[in-house]
Amino acid sequence: MSSPFDQIIITEGGEPVDEVELSLLETLDHVLNRGLVIAGEITISVADIDLVFLGLNVLLSSVETAHEVLHKRAVNDERTGAVNEQTPE
Amino acid sequence: MKLYAYCFTEDGDAPSEFLTGIGGSQVRVLKAEGFSILVSDFPTETVPINRHNVLAHSAVIQRVLAHTTPLPLRFGTLIAEEQLRNYACAKREALHEKFDSLRGCIEMNVKLISQAAQAVVRQHLPQPADKPGTAFLVQKRREILGSETRIAEAKRLAAWLEEHIGDLIKEASIEQSRTDKLILAASHLLERGVVEQYRARLKTARAERPELHFLVSGPWAPYSFANIELEFKSQFGVS
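Protein sequence lines, in the order shown, are assigned to chains A and B. Each residue of the first sequence is one higher than the one before, counting from 6 in my numbering. Each residue of the second sequence is one higher than the one before, counting from 129 in my numbering.
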């Protein structure tokens, strides 16, 4: 039996699941979206990440939403790849 | 060189074990105004958001949580030592009051996800017409009704949740209707000793509402209850 102070994720089936990404989303939701703020001292870098990441409230609101975002990104990547292949040099 | 700050603890409550922070740096304790503040040296002016850094930040706070209840700082708090000391001095009373309210507590989160609300809206609205103007208005009406339906459902679920766990929680922070799917996201502050009871109650509640998807996580440090001022509204949209 796990420690009562281990972090757990429970699905509707009642069983804890080892969903690394799900756990990461919950962690992001907490450390980026909440916590004590010393105003003016939050300096985070966003230069090297996807801008969709900035919409964390949306992205983190549900796993399903995250999956949709990833799916759309994959579709876009496919389209972009297709366009690039068709574009003459 | 600035300090990366992880959390405040009450003096003497900081863990004595070796902790590794962001960038592999050693976490140390800065004592100020009766607080122990966990910090590490940080060589640059900004903190990259990436998996490694986020997990390192969280890991430090989780290790502290195993010993005591910290006031977790939001990710990315870079500050000069003098500024941090000034902050502790200026906010000393408020920080002590916050510790008084959070001592011995942890945070649990539950998200309730349902597809029922959107289905109800679809049943009562006509299909989009061929004319663009009509289609636009139908879509707008759908959005408004969907939002109202979700809010009403969220209120019902919040009351229902309160019936099951209300006596266990010291404080709650409820977010309603964040998306079509996520009806309710609740953060609950509770005593460490009732965590298993909280989980058991939620398990019972879950059995009553099989149409709902439950996502329960915790225990966390009291991230949702740590602020001593108004919520920070970031220009990045991560308020």
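Source of the hints: derived by calculation from the structure; they are not laboratory data. Here the structure is a predicted model, which means the values were calculated and not measured. Careful: at least some of the hints might be erroneous.
[Unchecked claim] Computed from the model, here is a short list of chain B residues facing chain A with C-beta under 7 Å:
id, residue
1, H180
2, H185
3, S186
4, L199
5, F203
6, T205
7, R213
8, Y215
9, I302
10, V322
11, S345
12, W348
13, Y351
14, A354
15, N355
From the three backbone atoms N, C-alpha and C, an ideal C-beta is built for every residue, glycine too.
Taking the hints in turn, this is what the structure says about them:
no., hint, result
1, H180, "violated, 11 Å"
2, H185, "holds, 5 Å"
3, S186, "holds, 5 Å"
4, L199, "holds, 5 Å"
5, F203, "holds, 4 Å"
6, T205, "holds, 5 Å"
7, R213, "violated, 12 Å"
8, Y215, "holds, 5 Å"
9, I302, "violated, 14 Å"
10, V322, "violated, 10 Å"
11, S345, "holds, 5 Å"
12, W348, "holds, 6 Å"
13, Y351, "holds, 4 Å"
14, A354, "holds, 4 Å"
15, N355, "holds, 6 Å"
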